[in-house]
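J.: Assemble the complex: chain A is given as a structure, and chain B must be docked to it using the hints.
There are 2 protein chains.
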Amino acid sequence: MNEKAFQDYYPDELSYCYGCGRLNERGLQIKSYWDGDETVARFTPRPEHIAIPGYVYGGLIGSLIDCHGTGSAAAAAYRAEGRAMDTLPPLRFVTASLKVDYLRPTPLGVELEIRGQIREVKGRKVVVSATVSAQGEVCARGEVVAVRMPEHLLPTIS
Amino acid sequence: MNEKAFQDYYPDELSYCYGCGRLNERGLQIKSYWDGDETVARFTPRPEHIAIPGYVYGGLIGSLIDCHGTGSAAAAAYRAEGRAMDTLPPLRFVTASLKVDYLRPTPLGVELEIRGQIREVKGRKVVVSATVSAQGEVCARGEVVAVRMPEHLLPTIS
Numbered sequence: 159m160n161e162k163a164f165q166d167y168y169p170d171e172l173s174y175c176y177g178c179g180r181l182n183e184r185g186l187q188i189k190s191y192w193d194g195d196e197t198v199a200r201f202t203p204r205p206e207h208i209a210i211p212g213y214v215y216g217g218l219i220g221s222l223i224d225c226h227g228t229g230s231a232a233a234a235a236y237r238a239e240g241r242a243m244d245t246l247p248p249l250r251f252v253t254a255s256l257k258v259d260y261l262r263p264t265p266l267g268v269e270l271e272i273r274g275q276i277r278e279v280k281g282r283k284v285v286v287s288a289t290v291s292a293q294g295e296v297c298a299r300g301e302v303v304a305v306r307m308p309e310h311l312l313p314t315i316s
Numbered sequence: 159m160n161e162k163a164f165q166d167y168y169p170d171e172l173s174y175c176y177g178c179g180r181l182n183e184r185g186l187q188i189k190s191y192w193d194g195d196e197t198v199a200r201f202t203p204r205p206e207h208i209a210i211p212g213y214v215y216g217g218l219i220g221s222l223i224d225c226h227g228t229g230s231a232a233a234a235a236y237r238a239e240g241r242a243m244d245t246l247p248p249l250r251f252v253t254a255s256l257k258v259d260y261l262r263p264t265p266l267g268v269e270l271e272i273r274g275q276i277r278e279v280k281g282r283k284v285v286v287s288a289t290v291s292a293q294g295e296v297c298a299r300g301e302v303v304a305v306r307m308p309e310h311l312l313p314t315i316s
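Chains A and B, in that order, are what the protein sequence lines are. Residue numbering for the first sequence follows this note's numbering, beginning at 159 and increasing consecutively. Residue numbering for the second sequence follows this note's numbering, beginning at 159 and increasing consecutively.
The following block holds chain A by itself, in its conformation from the complex:
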């Protein structure tokens, strides 16, 4: 895809997250995009992201849902305000709660697709549900309740 990912709009100071920061060289650097009314990210786990031989460890699945969820929340909040993601003030979200149901073991060695659905945009809160699929089969299902980042945590952005 040629379009910019949600995470590419984050200001530099907020781009170091292990899960989704484009400036975290050791991190996962996931990239999320709109696909109609849904959001999508794709990620191929590394060999060390193993749980038991052949399968992905659950913490990675949770991380993917978490960071795709907060990214999707930001995108949804901009969309709800009719604003482009590069306009100020920046809208960034943190996770209030994360829920993951592991439906079947997630195979290691293939690309995973994380799909988000925006369930609610209300005040400072956005609820995003998500699935993680491998080879067309849903392996995990989750929900992120995201809230606007408190102003005192936002770095000063000029």
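A few of these clues could be false.
No copy is singled out in the list; a pair is fine if it fits within one copy or between any two copies.
[Said to hold, decoys possible] Computed cross-link-like contacts, SDA-like style, restricted to lysine to any residue with a CA-CA straight-line distance of at most 25 angstroms:
#1 Lys-280 x Pro-205
#2 Lys-280 x Gly-294
#3 Lys-162 x Glu-206
#4 Lys-257 x Leu-246
#5 Lys-280 x Asn-182
#6 Lys-283 x Pro-263
#7 Lys-162 x Arg-273
#8 Lys-162 x Trp-192
#9 Lys-257 x Arg-282
#10 Lys-162 x Pro-263
#11 Lys-283 x Pro-211
#12 Lys-280 x Glu-295
#13 Lys-189 x Val-279
#14 Lys-257 x Arg-200
#15 Lys-280 x Arg-262
#16 Lys-280 x Glu-206
#17 Lys-280 x Leu-261
#18 Lys-280 x Pro-263
#19 Lys-283 x Arg-204
#20 Lys-257 x Arg-273
#21 Lys-283 x Asp-170
#22 Lys-257 x Met-307
#23 Lys-189 x Ser-287
#24 Lys-162 x Asp-259
#25 Lys-257 x Glu-278
#26 Lys-283 x Pro-265
#27 Lys-283 x Val-268
#28 Lys-162 x Val-252
Think of the hints as simulated: they come from the structure by calculation, not from any bench. These numbers come from a predicted model, not from an experiment.
T.: Same frame as chain A, but now just chain B:
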């Protein structure tokens, strides 16, 4: 502590989990122990486990609760059967569901304490609740529903 951690009893073939496998050189290698009726693990996040400057990213918190939860589930299952953890057949657990409530930002750069409470041991299912604390303050609270690993996923153990 001189005692062996729960994870030190896992057979080699099941010791590569990114979160808790003692043989995963790139992983977190968390170690869980009994502390009376509770279980405890301690982990100091690495600098790259950042969310925003000064704080730990949520996916790591989820991973810690997840792996401490499944380890605690195994320990509780052995204890319920009155068996030592190095006796056969091995009892290993996978995560059916994970829930995390992020109560406050978790500071980066200090040791975290993950405490588990065994809520239920019933058939193949164990429910473990957990807190993640920094400097004595609870930053996140979670629950893991763990189920016995299906036999077809267990490697042959001689």
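J.: Hint by hint, which ones does the structure fall short of?
T.: 1, 2, 4, 5, 10, 12, 16, 19, 24, 27
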